[in-house]
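**Q** Below are the chains, spelled out letter by letter.
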Amino acid sequence: MTSKDNDVRLFEGLRRREPEALTTAVQTYGPVLIRAAWLYLADAHAAEDAVQETFLAAWDGAKRTRGLTSLRAWLLGILTNRCRKHIRTAQRRRKREQRFLEQNAALSKSNFSDPRLEKLQSALPRLDGPLREVVILRYWQKLSVQETAAALGIPEGTVKSRTHAAITRLRDIMETNA
Amino acid sequence: MNVDQNQFEQYLSDSLDAISQSAPAAPRAEQIFRRLRRRKIRRVGGVVTVLVLLACGLSTLVFHRISQPVPTETIVVQAPIRIEAARNARAQPARPWRIPAMKLTALSSPSLKVQDGLTADIPVSSITAGTQGASPNIPTRFVTPRVSLPKL
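Chains as they are written, first to last, in the working numbering: chain U, 568 to 745; chain X, 457 to 608.
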């Protein structure tokens, strides 16, 4: 049985609200989603929260979803929306969040021995949300342009232009920091 | 950082992978199920609260209406007065009535504040004839006659 067949079976299980399907989905895609959320939010608690909310939304929304192309892309799309929501909420508490991000960046800097990783990790939160989403999905998850477009609900042309803008901006930030 | 686009993209891909390794542990399925249960309880609690509040509000409203009698007001109008039964009234007959004088016991309504000489729809609970004329043969309940008030 191929991975695609497994995904279809899993998705049908979610549609029928089978607890086993949810358990399997959490076990299969939980690690991928938590890492994506971590890259996006740079906050362990918020990332964990976003992933849990993603599975709850998948549980609720599977029945309404038609024409699923990839379960991973679908879940990543939901996760992206949840992360955006977290960031919006955080913007209301901008000062506190800013302080938190600085602390977080300081903490994470000490985690990496490679200075290039430190540089990228501090540059990533400075990218605008839509650009960050594209970077994570395209370069970390290695989704195709088509899959990224489906996950984010945007046209393929927009994915390409955002990818280009994100790379340019990221290089600018990293060169400025260098 | 003088690297070409492809090298940078490769570096980005590798670095993101390395950074993502430091992510916290993925949530367990039990945590999701616990959240589902909590959410269900919250929803049921919310519905019950809304229903209880609605019931309280409605009962208060009904009790208030029952305990307060409907205010009435008596208007005495002088002759001549012209009354046309409302279209939906079961008035027999439907032609206009001319009555020398009559007393209207009307339900309290903003439309009672009409000026002299104007026509107004007045919800009437009972109509009794005045001293100078015969009792008009119109229904005495749930009729909304159109009354032309003469200038006093």
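Don't take each hint at face value.
As the list claims (entries may be wrong) - In silico lysine-lysine, PhoX-like type, Cα no more than 25 Å apart, as pairs:
(1) X/496 to U/630
(2) U/652 to U/630
(3) U/571 to U/630
(4) X/496 to U/727
In short, the hints are calculated from the structure, not lab data.
**Q** Does each hint hold? Answer for all of them.
**A** Consistency of the hints with the structure:
A C-alpha spacing of about 18 Å is found between residue 496 of chain X and residue 630 of chain U, which places the hinted pair at or below 25 Å, so the restraint holds. Between the alpha carbons of residue 652 of chain U and residue 630 of chain U the distance comes to roughly 22 Å, so the proposed pair stays at or under 25 Å and holds. Annotation: proposed proximity of residue 571 of chain U to residue 630 of chain U holds, straight-line Cα distance about 19 Å (limit 25 Å). Pair hint residue 496 of chain X plus residue 727 of chain U does not hold up; C-alpha atoms about 41 Å apart against a cutoff of 25 Å.
Checked against the numbered hints above, the structure violates only hint 4.
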